[in-house]
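Residue numbers (the working numbering), protein chains in the order written: chain R, 1 to 112; chain U, 113 to 226.
Keep in mind that the hints were calculated from the coordinates and are not lab data.
Please note: incorrect hints may appear among the correct ones.
[Claimed, not checked] Each computed DSBU-like pair below joins lysine-lysine, with the alpha-carbon atoms no more than 35 angstroms apart:
| # | chain 1 | residue 1 | chain 2 | residue 2 |
| --- | --- | --- | --- | --- |
| 1 | R | Lys9 | U | Lys180 |
| 2 | U | Lys170 | U | Lys181 |
| 3 | R | Lys9 | U | Lys181 |
| 4 | R | Lys14 | R | Lys71 |
| 5 | U | Lys180 | R | Lys57 |
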Amino acid sequence: NAGVTQTPKFQVLKTGQSMTLQCAQDMNHNSMYWYRQDPGMGLRLIYYSASEGTTDKGEVPNGYNVSRLNKREFSLRLESAAPSQTSVYFCASISQNTGELFFGEGSRLTVL
Amino acid sequence: AQSVTQLGSHVSVSEGALVLLRCNYSSSVPPYLFWYVQYPNQGLQLLLKYTSAATLVKGINGFEAEFKKSETSFHLTKPSAHMSDAAEYFCAVSGNFGNEKLTFGTGTRLTIIP
């Protein structure tokens, strides 16, 4: 059982470059999330998708866009990367039965 | 709206000693409360959750937490620390169950002293 898979695991970008973080879950969950983790700040929600075809802003959406391609996949795009977006990004999905969030292993992004 | 406050960004305990990690919450509706653990270079894993069934909740690896409404607290404890407990711990709150976004605390890094 793969759970939540996100790619790439590591990426270095130059300021102004764009990239997309991919996420897929195989647990048939309705809701999916993108968080960023920074030292001393915990996890902050960027965007979430309560169901296929819907997306909503979280706490820190500026500079990001998302796409809920289908029930399995939820991608995060940085159109013009900035050094402030250097962070570790986590994708997650939630079990509607147990309320448990399942996380991917994280994507470490550095913007120079 | 919901929020959580974790007191102490770093906690150190000796191996075999009691572990106590503090979490206080704020919620305008009856809360669902969670503790997650993150080992180095990994994602977060669920330790335990409170969903109003019982105020004392037992989780994996010998951890437990008690929901105290009067104190708006959900502190995490373990009677005897083990070296393998060294990790970062996050408290989280939700106002819904199963399709609502969780709000996380800033985390507590637990160090175990041999």
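Against the structure, the hints:
no.	hint	in the structure
1	R:Lys9 / U:Lys180	39 angstroms, violated
2	U:Lys170 / U:Lys181	18 angstroms, holds
3	R:Lys9 / U:Lys181	40 angstroms, violated
4	R:Lys14 / R:Lys71	32 angstroms, holds
5	U:Lys180 / R:Lys57	32 angstroms, holds
In this structure, the earlier hints numbered 1, 3 are contradicted, and the remaining ones agree with it.
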